[in-house]
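Engineer: Below, each chain spelled out in residue letters.
Protein chains: 2
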Amino acid sequence: MFTLIKKDKTTKARVGKIKTSHGEIDTPNFAPVGTVGAVKTLASSEVKQAGAQFILSNAYHLHLRPGADIIKQAGGLHKFMNWPGPILTDSGGYQVFSLAPLRKIKPDGVEFQSHIDGSRHFFTPEYVVEFQMILGSDIMMVLDECVHYPAAKDYTEGSLKLTIDWAKRSKKFYEQRTINNEQQLYGIVQGGTYPDLRKQAVEQLLDIGFDGYAIGGLSVGEPRDLMYEMINTTVPLLPEDKTRYLMGIGMPQDIFEAIENGIDIFDCVVPTRNGRNGTAFTFEGKIVIRNAAYSKDFRPVDAHCDCFCCKNYTRAYLRHLFSIDEILALRLLSLHNIHFYAKLMGNIREAISKGKFLEIKKEVCSCYC
Amino acid sequence: MFTLIKKDKTTKARVGKIKTSHGEIDTPNFAPVGTVGAVKTLASSEVKQAGAQFILSNAYHLHLRPGADIIKQAGGLHKFMNWPGPILTDSGGYQVFSLAPLRKIKPDGVEFQSHIDGSRHFFTPEYVVEFQMILGSDIMMVLDECVHYPAAKDYTEGSLKLTIDWAKRSKKFYEQRTINNEQQLYGIVQGGTYPDLRKQAVEQLLDIGFDGYAIGGLSVGEPRDLMYEMINTTVPLLPEDKTRYLMGIGMPQDIFEAIENGIDIFDCVVPTRNGRNGTAFTFEGKIVIRNAAYSKDFRPVDAHCDCFCCKNYTRAYLRHLFSIDEILALRLLSLHNIHFYAKLMGNIREAISKGKFLEIKKEVCSCYC
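Protein chains in written order, with numbering that gives the first Met the number 0: chain R, 0 to 368; chain S, 0 to 368.
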């Protein structure tokens with residue numbers, strides 16, 4: 000459950016803590032993405048050592064592979080993947096709705112075909128909560144429809160009606176099944192890029208009541224200004240005593256903007272995907288390690304970084320590994336980037352605690368904005 | 000330099016030690032392959048922790064990428080790849096001669112085109128030693144022509160003449176350049192599948208004099224019996240006080256056969272390539288982890304193994320990782336297999352020391368032969 004620890008004086012940034020049955024998450028914080036039960040290229044212990052306090056996994060992907068049966072027999076996702084900390088699982092709404100035309104929305108749920116083998120599946124709000132209970136997720140998300148940009152207002156309005164109806168059913172099912180609220184259930188604010196629909200979504204979700212509130216349906220194609228506008232109009236409507244989660248975001252500059260407006264947690268593939276593509280994040284900006292400029296650069300990626308990659312390898316070696324398509328390179332930069340994000344979030348928490356949020360924002364954003 | 004420690008009473012198996020400027024190699028021993036300056040998927044420290052005492056790298060590949068200039072500036076291959084132990088480097092003869100028709104043998108050396116970009120290169124015996132000196136290899140191999148199977152006797156004879164001539168030139172160049180013999184130079188016995196040519200090769204190499212002797216040109220397409228015959232007829236001709244190295248081999252059963260006949264060191268891609276393909280070695284035989292039989296098998300790959308993979312993950316999880324094409328799986332099984340080979344070689348050394356070589360051979364080979 001969420002505890003607010005400190006509020007910034009000049010912005011809406013805040014420091015807090017989420018308690019889960021697998022440990023605490025200091026907020027603001029960022030979850031590396033382990034979609035199918037593994038943070039790509041990395042062992043769980045490495046993700047932990049790099050400083051990540053929690054990870055995100057995905058119900059849609061895990062439902063398809065390995066499926067409920069195997070994870071149940073393994074004793075849940077934590078044991079299966081040997082990750083001891085908190086796990087947040089997305090419901091898979093985003094993935095299912097991205098499958099169009101391979102999915103069909105019905106009042107009761109959504110029918111879809113697997114992107115892997117074309118097999119048919121049916122997700123109801125109830126099943127999605129049940130499946131996340133089997134996973135043993137610490138923070139579960141309700142099934143929602145994630146509307147992509149641009150979407151007409153009448154479509155978005157109809158979609159929101161469905162999402163709210165599903166949220167009610169999810170909560171009802173959760174209440175019937177939960178044991179001591181050990182797993183938390185978060186609602187998802189949709190409403191596209193329409194401020195009045197976002198407001199309506201918040202009001203209706205608050206009526207239902209959740210352990211935390213996520214803002215979904217952003218970074219789906221809309222201009223950055225519009226994304227910021229939606230965050231800025233939605234967050235103030237959310238209660239102070241619950242977690243605020245901005246889904247699927249993002250880049251350091253977006254994270255700063257969101258934290259300034261009161262967001263607590265994030266998830267995104269940015270650190271790992273960039274790592275696999277040969278881009279390293281540092282406090283002096285991004286480094287594209289494949290660049291020929293690094294072929295004889297025998298410094299670490301970041302001289303101030305104490306991650307496994309920076310303690311053991313040079314830019315020249317990493318560039319060589321990328322040039323020979325060596326998997327070790329993908330691992331090392333993924334690890335470095337997760338470490339960077341963990342360090343960044345820790346620095347932000349410290350800055351907010353000391354009343355220096357805008358200073359760190361200015362400093363880091365000068366390299367990223 | 001090689002020190003013979005103990006000889007088995009009933010076979011030609013022996014225990015020894017190779018001293019290098021980067022540490023000792025207990026023999027019999029096996030080098031995982033890091034062709035282009037990385038043992039595929041793994042960090043150097045992991046290879047070390049898995050129990051490998053030395054690794055093999057390749058002059059041909061490293062000459063092309065990253066090239067002499069970068070490795071020289073990095074301070075040698077050990078520093079470049081952050082591997083503290085001994086490095087054995089193959090001359091690249093095998094690779095260059097596999098390039099046919101992209102290579103042309105001339106008396107002075109071999110002209111070839113890069114398999115990567117078609118660029119033209121010329122390897123002389125002298126350059127290959129010089130390049131390995133730049134790498135800082137602890138054990139360097141002379142440039143040779145590796146004849147594939149089948150090869151006519153007259154071709155093999157002519158090729159051997161060239162290989163011996165190049166061996167002489169390599170030694171001469173080495174003597175002009177070596178500093179305190181810090182880097183050792185090994186000769187390579189060729190001669191195809193002709194016992195008399197193998198004998199002639201040994202005699203001529205002994206006349207030149209090397210720090211160790213490798214048997215090359217085996218496991219290149221010939222039947223297993225013929226390979227064993229060549230080992231059995233060649234090794235007895237080699238001096239007792241020098242290392243005997245069987246190049247590019249191999250499977251556990253081949254290793255036992257070779258050790259029984261007096262071989263000291265091996266290198267092969269078997270543990271890493273098999274690991275990446277989803278096959279794990281155990282003391283109860285091979286396990287093809289992709290097999291559906293393991294989908295709900297929550298035991299480690301090998302319950303008696305204390306490698307990182309077996310201590311942290313189950314067969315079911317590994318199978319899941321392979322089914323989603325997750326890189327972590329390739330790493331974990333590569334690591335496990337390197338650990339298995341290191342453990343196997345340690346067990347063999349112990350067995351020879353205790354006069355129990357044939358017992359361990361029977362035991363392990365019952366699962367592999």
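If you are wondering where the hints come from, they were derived from the structure by calculation, not from laboratory data.
Check each hint, because a few of them may be wrong.
One copy or any two copies: either way a pair holds, since identical chains are not told apart in the list.
Claimed, not checked - With a Cα cut of at most 25 Å, we get these calculated DSS-like pairs of lysine-lysine:
#, residue 1, residue 2
1, K8, K47
2, K170, K198
3, K310, K47
4, K310, K105
5, K8, K160
6, K361, K18
7, K47, K18
8, K160, K171
9, K285, K11
10, K16, K353
11, K18, K295
12, K152, K103
13, K103, K170
14, K152, K6
A quick note: this is a predicted structure, and the numbers were derived from the prediction, not measured.
Engineer: If a hint holds in the structure, say so; if it doesn't, say that too.
Structural biologist: Hints and how they fare:
Taking identical chains as interchangeable, the C-alpha atoms of K8 and K47 are never at most 25 Å apart, the minima being 32 Å within one chain and 52 Å between chains. In this assembly of identical chains, K170 and K198 lie within 25 Å of each other by CA distance solely inside one copy; the values are 20 Å within and 82 Å between copies. Proximity of K310 and K47 under a CA criterion of 25 Å is satisfied in both settings, with 17 Å inside one chain copy and 17 Å between copies. In this homomeric assembly, K310 and K105 never come within 25 Å of each other (Cα to Cα): the closest approach is 53 Å inside a single copy and 46 Å across copies.
Taking CA atoms no more than 25 Å apart as the test, K8 paired with K160 passes in neither setting, with 37 Å inside one copy and 84 Å between copies. Neither within a single protomer nor between protomers do K361 and K18 lie at most 25 Å apart by alpha-carbon distance, with minima of 31 Å and 56 Å respectively. For the identical chains of this complex, K47 and K18 are intra-copy neighbours only, at 17 Å inside a copy versus 39 Å across copies, given an alpha-carbon limit of 25 Å. Proximity of K160 to K171 under the C-alpha cut-off of 25 Å is restricted to the intra-copy arrangement: shortest distance 17 Å within a copy versus 85 Å between copies.
In the homo-oligomer, the alpha carbons of K285 and K11 never lie at most 25 Å apart, since the shortest distance is 28 Å inside one protomer and 59 Å across protomers. For the identical chains of this complex, K16 and K353 are intra-copy neighbours only, at 17 Å inside a copy versus 60 Å across copies, given an alpha-carbon limit of 25 Å. With identical chains, the CA atoms of K18 and K295 are never at most 25 Å apart, being 47 Å at best within one copy and 32 Å at best between copies. For the identical chains of this complex, K152 and K103 are intra-copy neighbours only, at 20 Å inside a copy versus 71 Å across copies, given an alpha-carbon limit of 25 Å.
For a Cα distance limit of 25 Å, the shortest separation of K103 from K170 inside one copy, 23 Å, qualifies, whereas the shortest one across copies, 74 Å, does not. Taking the shortest Cα distances, K152 and K6 never come within 25 Å of each other, neither inside one copy (35 Å) nor across copies (85 Å).
The structure does not agree with the numbered hints 1, 4, 5, 6, 9, 11 and 14 stated previously, though it agrees with the rest.
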